[in-house]
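If you read the protein sequences in the order shown, they are chains A and B. First residue of the first sequence: 1, per UniProt numbering; consecutive thereafter. First residue of the second sequence: 1, per UniProt numbering; consecutive thereafter.
Think of the hints as simulated: they come from the structure by calculation, not from any bench. Each residue gets a CB set at the ideal place from its N, CA and C atoms; glycine is no exception.
Going by beta-carbon spacing under 7 Å, a handful of chain A positions derived as facing chain B:
#, residue
1, ILE54
2, ARG87
3, ALA95
4, ASP103
In case you want the letters, here they are:
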Amino acid sequence: MAMLEVEDLKVYYDTAEGAVKAVDGVSFEIEEGENLGIVGESGCGKSTLAKALIGILPQNGYIAGGEIRFRGEDLTEAPERRRRELRWDEISMIAQSAMNALDPVYTIRQQILEAIEAHHNWSRTKSQERIDEMFDLVGLDRERQTDYPHQFSGGMRQRAMIAMSLVLEPSLILADEPTTALDVIMQDQILKRINEIQEASSASMMVITHDVAVVAETCDRVVVMYAGEIAEEGPAAAIFDEPYHPYTLGLKSAFPNIREADQDLVSIGGHPPDLHDPPTGCRFAERCPMATEVCSREDPPEVEVGGLRSYCHHVDDIDTQLRPVADRAETWQNTDAADDRGLADD
Amino acid sequence: MGKLNFFVRRTAQLVVTLWAVATALFMLFRLMPGDPTSYIVSPQMTPEVRQRIIESYGLNDPLWVQYLRYIENLATLDLGRSFNTNSEVSEILATYLPNTLVLMLSAFVLAYAVGVTLGVLTGWYRGSRFEKSTVVTALVGRSIPSFWVGILVIWVFGATFGVIPLSGMTSIGTEPEGFVDMVTSLDFLHHLVAPMLVLAFYYMGYPLLIMRNSMLETLSEDFIDICRAKGLSERAIMFRHAARNAMLPVLTAAAIAVGFAIGGSVLIETVFGWPGIGREMIRAVMRRDYPVAQGTFLVLALSVVLMNFVADLLYGVLDPRVTYE
Numbered sequence: 001m002a003m004l005e006v007e008d009l010k011v012y013y014d015t016a017e018g019a020v021k022a023v024d025g026v027s028f029e030i031e032e033g034e035n036l037g038i039v040g041e042s043g044c045g046k047s048t049l050a051k052a053l054i055g056i057l058p059q060n061g062y063i064a065g066g067e068i069r070f071r072g073e074d075l076t077e078a079p080e081r082r083r084r085e086l087r088w089d090e091i092s093m094i095a096q097s098a099m100n101a102l103d104p105v106y107t108i109r110q111q112i113l114e115a116i117e118a119h120h121n122w123s124r125t126k127s128q129e130r131i132d133e134m135f136d137l138v139g140l141d142r143e144r145q146t147d148y149p150h151q152f153s154g155g156m157r158q159r160a161m162i163a164m165s166l167v168l169e170p171s172l173i174l175a176d177e178p179t180t181a182l183d184v185i186m187q188d189q190i191l192k193r194i195n196e197i198q199e200a201s202s203a204s205m206m207v208i209t210h211d212v213a214v215v216a217e218t219c220d221r222v223v224v225m226y227a228g229e230i231a232e233e234g235p236a237a238a239i240f241d242e243p244y245h246p247y248t249l250g251l252k253s254a255f256p257n258i259r260e261a262d263q264d265l266v267s268i269g270g271h272p273p274d275l276h277d278p279p280t281g282c283r284f285a286e287r288c289p290m291a292t293e294v295c296s297r298e299d300p301p302e303v304e305v306g307g308l309r310s311y312c313h314h315v316d317d318i319d320t321q322l323r324p325v326a327d328r329a330e331t332w333q334n335t336d337a338a339d340d341r342g343l344a345d346d
Numbered sequence: 001m002g003k004l005n006f007f008v009r010r011t012a013q014l015v016v017t018l019w020a021v022a023t024a025l026f027m028l029f030r031l032m033p034g035d036p037t038s039y040i041v042s043p044q045m046t047p048e049v050r051q052r053i054i055e056s057y058g059l060n061d062p063l064w065v066q067y068l069r070y071i072e073n074l075a076t077l078d079l080g081r082s083f084n085t086n087s088e089v090s091e092i093l094a095t096y097l098p099n100t101l102v103l104m105l106s107a108f109v110l111a112y113a114v115g116v117t118l119g120v121l122t123g124w125y126r127g128s129r130f131e132k133s134t135v136v137t138a139l140v141g142r143s144i145p146s147f148w149v150g151i152l153v154i155w156v157f158g159a160t161f162g163v164i165p166l167s168g169m170t171s172i173g174t175e176p177e178g179f180v181d182m183v184t185s186l187d188f189l190h191h192l193v194a195p196m197l198v199l200a201f202y203y204m205g206y207p208l209l210i211m212r213n214s215m216l217e218t219l220s221e222d223f224i225d226i227c228r229a230k231g232l233s234e235r236a237i238m239f240r241h242a243a244r245n246a247m248l249p250v251l252t253a254a255a256i257a258v259g260f261a262i263g264g265s266v267l268i269e270t271v272f273g274w275p276g277i278g279r280e281m282i283r284a285v286m287r288r289d290y291p292v293a294q295g296t297f298l299v300l301a302l303s304v305v306l307m308n309f310v311a312d313l314l315y316g317v318l319d320p321r322v323t324y325e
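Sequences are here, hints too, so could you generate the full structure?
Have a look at this one:
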């Protein structure tokens, strides 16, 4: 049994215009000690997913279906009291922007101590030792525990955030864009630090990001999300070397690769669909160069291909038709062109 | 060093502001229509007597001489004597100001305690029926004139049901021995209740609405999500984190509002016959009693300026991000 099993999870937001289906039928698993990356562009539901897992959806957000099983226990059915026990102690998180993730009016020490006190009756000495240990671990000066967040630089704040997320030795850490707010050098340092700590602590981690490079550096397995659904899932190496979903191919071409010097960066034309009323069939169809009539009619099948789990009608044609041209900007700009190329329906 | 420097600089500003206010007041009263001497001299007096009285007040000197003398006296805290009763203005202020302060501050403390708490709750329970009705009540309290509510309260509870006194601060016939004795008497509290509640109802809306807005802003901050993720109780998040942060703008607003509240006491004191400084100010203006009017205005201005000063200092204490560089 995997440590975390998410099955057909649906998370909706109530709005004046009706329900927004932010996460719509997502299934995946995280094994003990595994690093799972969740990749997708803004608004694809990846942050919502994290909030649902830890149970901090905003007031208008709710789980509309599916199960979240943590070590076999279905969290969607668990009472609030039980959920609160699990938070931070078992499932903790590293927030998207460390800049605002710490309360400005309390010292770092007070805030870490608060997390400890919410779950344990440790003695003052034990808590202090633990905080000292955490500060050493993330490479912060112990003396600065009594500083306020504004006295820390961005990178220091993110380290403090990581120290806080690890203080109770959780089994699962949800890292929501852990490095987005940092400069490239600091990003690299933080990622290395996260990897080291994780190896030492054997915790599992779910890294949520739109930055493919972050995932490539930290994750064993990757889930690619698009418009509230999973597009493709599989081992990190396979996802980035030879993906089969057109969206993953596009995403890959949209990111710079250090090894390919004069690579043209492409952007995928169009916008994600409105999640109030998502289109039938494949949600990526509208922007997909491979799309045919069947794509907007029928939900894509789950296909096992090249070690990946891919949701696409045209998996068989990817190698011949899309992969050779995936790194060309024009491929992604004129999505109507697919018909002209005379792709046949499955 | 930074703190002391800030304090000194801020105090200097305070003095300059007060000087400007005092000067403006001096001009204002001299520009007002009507001749103040008509109140202190009577037509029956002989011209020599009249002249002597005017001279004794220094009103025959050129304006700039009067102004210099005025500033000089102010600097030594000598506010002059009333044209009307000939008693020291500072004595008049000392008599009436405490009455105003008791009324204002009790109403203020009540209004802010209730208002801030309701602000926290309405922010937290956004969209609930409780929130809607509370916000509407606060807006109503803020919008209808407090003197009208005062008159209504006197009419219903005073005249019709007879549960509150109609006017004044103490009953006729009671002779309190000193201020403390009076303030602690049941008779005084009985008189205080109605004007205090009317004022508190009026004041309450402001902190409530600011606190609610501030809460809504704070609740959307990332650190609130993290607090929830940490497994803290709802109450800890609501008060220790959300309210604590949302409080900052309310406190500044409160300190400034106290200053204005003392000036705003005029109407309520008049309606409830409360012998406070606001009512005294009106009387002084009606009588063209320059020294008393100037004195009361100065006190009001001083309270606004001083509370601003307090707000500045308070912010530095409450928000660790504020520095005095």
